[in-house]
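If you're matching positions, the sequence shown starts at 1 in UniProt numbering and goes up one per residue.
These are computed hints drawn from the structure, not numbers from a lab. Please note that the accuracy of each hint is not assured.
[Unchecked claim] Distance ranges between label pairs, derived from CB positions:
#1 LYS147 <-> GLY571: 21 to 31 Å
#2 ASP378 <-> GLY571: 38 to 48 Å
#3 GLU470 <-> THR29: 44 to 54 Å
#4 ALA32 <-> ASP364: 37 to 47 Å
#5 PRO246 <-> LEU53: 26 to 36 Å
#6 ASP401 <-> GLY38: 20 to 30 Å
#7 SER449 <-> PRO40: 51 to 61 Å
#8 ASP212 <-> ASP364: 28 to 38 Å
#9 LYS589 <-> THR29: 51 to 61 Å
[As the list claims (entries may be wrong)] Below, computed lysine to any residue pairings styled on SDA-like, alpha-carbon distance capped at 25 Å:
#10 LYS534 <-> ASP495
#11 LYS365 <-> GLU558
#12 LYS359 <-> ASP87
#13 LYS149 <-> GLU222
#14 LYS175 <-> GLU223
#15 LYS118 <-> ARG561
#16 LYS577 <-> LYS365
#17 LYS9 <-> ASP76
#18 LYS19 <-> PHE374
#19 LYS589 <-> ALA173
#20 LYS19 <-> ASP71
#21 LYS537 <-> ASN112
#22 LYS359 <-> LYS537
#23 LYS444 <-> LYS149
#24 LYS118 <-> ASP87
Note that the Cβ used here is the ideal one computed from N, Cα and C, for glycine as well.
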Amino acid sequence: MADTQACIKSGYYAYPEAKEGPSTPFSNTPGANPVLRGLPLAVAGSAVANIGLLSGLLWGNAGFSTLRRVDLDGYDPRYDPTVVPIDESDTDVFASIRALGSSYNPSLTSTNRHYSIKDYHTAYEAGTMTPTAVAEALLDLISKSPKHKNAFLEMQRERVIAAAEASTQRYKAGKALGMFDGVPVGVKDEVDLQGYSKCLGSCQDFTSTKGDVTSWCVKKWEEAGVVIVGKLNMHELGLDTTNNNPAKGTPLNPHNPHYYTGGSSGGSAYTVAAGLFPVTLGADGGGSIRNPSAYCGLYGLKPSHNRVSGTPAASLAPSCGVLGPMASSMADLEYAYRIMAIPNPSDSISSMFPVPVPKSTPQDKIIGIYKPWFDLADASVLNACHAAISHYQSSGYKVIDITIPHLSEGQLAQAVTILSEISAGVPSVSGLTSANKILISVGKHTPASDFLLAQKMRNMLMQHLAFLFEHNPGLLIVTPTTPNAGWHISGGAADLKNGVSDANMSVRTMTYVWLANFSGCPAISIPVGRVDAKEGKGKIPVGLMAMGEWGAEDLLIEWGRVGEQWAWEGGEDRMEKPENWVDVMELAKGRQGVGKNGN
1 MADTQACIKS
11 GYYAYPEAKE
21 GPSTPFSNTP
31 GANPVLRGLP
41 LAVAGSAVAN
51 IGLLSGLLWG
61 NAGFSTLRRV
71 DLDGYDPRYD
81 PTVVPIDESD
91 TDVFASIRAL
101 GSSYNPSLTS
111 TNRHYSIKDY
121 HTAYEAGTMT
131 PTAVAEALLD
141 LISKSPKHKN
151 AFLEMQRERV
161 IAAAEASTQR
171 YKAGKALGMF
181 DGVPVGVKDE
191 VDLQGYSKCL
201 GSCQDFTSTK
211 GDVTSWCVKK
221 WEEAGVVIVG
231 KLNMHELGLD
241 TTNNNPAKGT
251 PLNPHNPHYY
261 TGGSSGGSAY
271 TVAAGLFPVT
281 LGADGGGSIR
291 NPSAYCGLYG
301 LKPSHNRVSG
311 TPAASLAPSC
321 GVLGPMASSM
331 ADLEYAYRIM
341 AIPNPSDSIS
351 SMFPVPVPKS
361 TPQDKIIGIY
371 KPWFDLADAS
381 VLNACHAAIS
391 HYQSSGYKVI
401 DITIPHLSEG
411 QLAQAVTILS
421 EISAGVPSVS
431 GLTSANKILI
441 SVGKHTPASD
451 FLLAQKMRNM
461 LMQHLAFLFE
471 HNPGLLIVTP
481 TTPNAGWHIS
491 GGAADLKNGV
501 SDANMSVRTM
511 TYVWLANFSG
521 CPAISIPVGR
531 VDAKEGKGKI
541 PVGLMAMGEW
551 GAEDLLIEWG
561 RVGEQWAWEG
571 GEDRMEKPEN
581 WVDVMELAKG
591 RQGVGKNGN
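Kindly generate the complete structure, drawing on both the sequences and the hints.
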């Protein structure tokens, strides 16, 4: 950790000082950035990339210099938000993995739900289908359908079939590795996968310079027997919340093709929402797991910072990014998380974390709401979220009022940080989309003094959050995941072809998600309703988010399960498979050579 410090709270390493922040009035000033698309966007991208004065003007117009007017005296910069729970018990990692199968507890019986990890495992054991048949069906489907293919950046058919066939043989021999064996999954392009390239959704090459390796968390999934069907599309460099990607293709929201999937883990969200996989790996540097999960009606977990070992999310944003799972059910989300979060003994930080086995949670169940912040969401979003919170209250959760200082300035500080980090890791804007030429050029303009101010703001916010958690054990800070229900593709096909830059909307979609990234706290998004679309057939999902104390993933998982049961009990008004959903099992059963014994 960059700013190693003694443990201030018993049971943690590098826990921030619990110190209430200043009392400040809530403020939220909408941005004044122009929306650029088509030829104006192309011209602006080229101009900003080549004229330093323009990037400086845009940096100022974004309001980043606002931090200079905030009193941050008394706060040291904190560059790394990692806080590690200390567990002195001698937990057997392998025994814990074996126990995951028995603790796997799908709580849903609806026939209208997506297929789960357990559904695949049960079918494989029964011999009604094989991992090989599933892999072949998926590969053929994806390769022949542009709407599915846009979610992928790379697939290697022979490698996929080989992994599936190995799993098929294990099932035939009665030696399956566990629930995950043979289950099809995908991984976002930000992780390293041996034999695959890594472009971060761009035309540049970011393949690991450390050798042909696989990221630790992906290796854990592979060791559990998953079949990785390919690397998934993302917003170029992870630098926006739509997954509009004119360079590599744009996956459209399976619930309504007139809407984006959200980003930057848009390919991951698409593949789960469309039914191709029960779970995928995403990355979250500024809401990039939770935002698309909300837009696509999924469950998405952003773990505590450095909880999951692997390439830092946006391998270019080490102090904000994490890796985590996205799934169609809480049982699958939890199962995938507990495997990918096994500590990496070769990683000095990951090795400090405890084995992620289920733990008992505190008796107190508290939801904290900062009402002026919460109420920034659209009316339709608020209606769905308030209905869910009423259910939580009836389920034993107490709702209290909280305050958080300098949220508007804090969001700017997070933006300064992640934009500076990503810009520092991109040697050239050549070949980037026009929108990202602008963002990278602006990010490179950040003065060191303003970057330091942003890290002071980080420390102030972390100390205030520590104060809230100390005074309210079991506290979960709850907000809508995004203030808007989906992002409508207002420019239609032209925006998909040429790209679009709408900084005001981008900032708005990150109203709530940024704080977990900046502070390193874990957070989860769950679907709680659906609202009418602006265009086309298919309602748009709404997400509700909870953020917990560092290391409080178990609290979030419990909270997510309560919300999941309620959402499904509400029927079509709250949950529904998208019209674009694919019945992969039916396709696999129809493959030649799959009889009742799987032979």
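Hints the structure fails to honour:
2, 3, 6, 7, 8, 16, 22, 23 and 24
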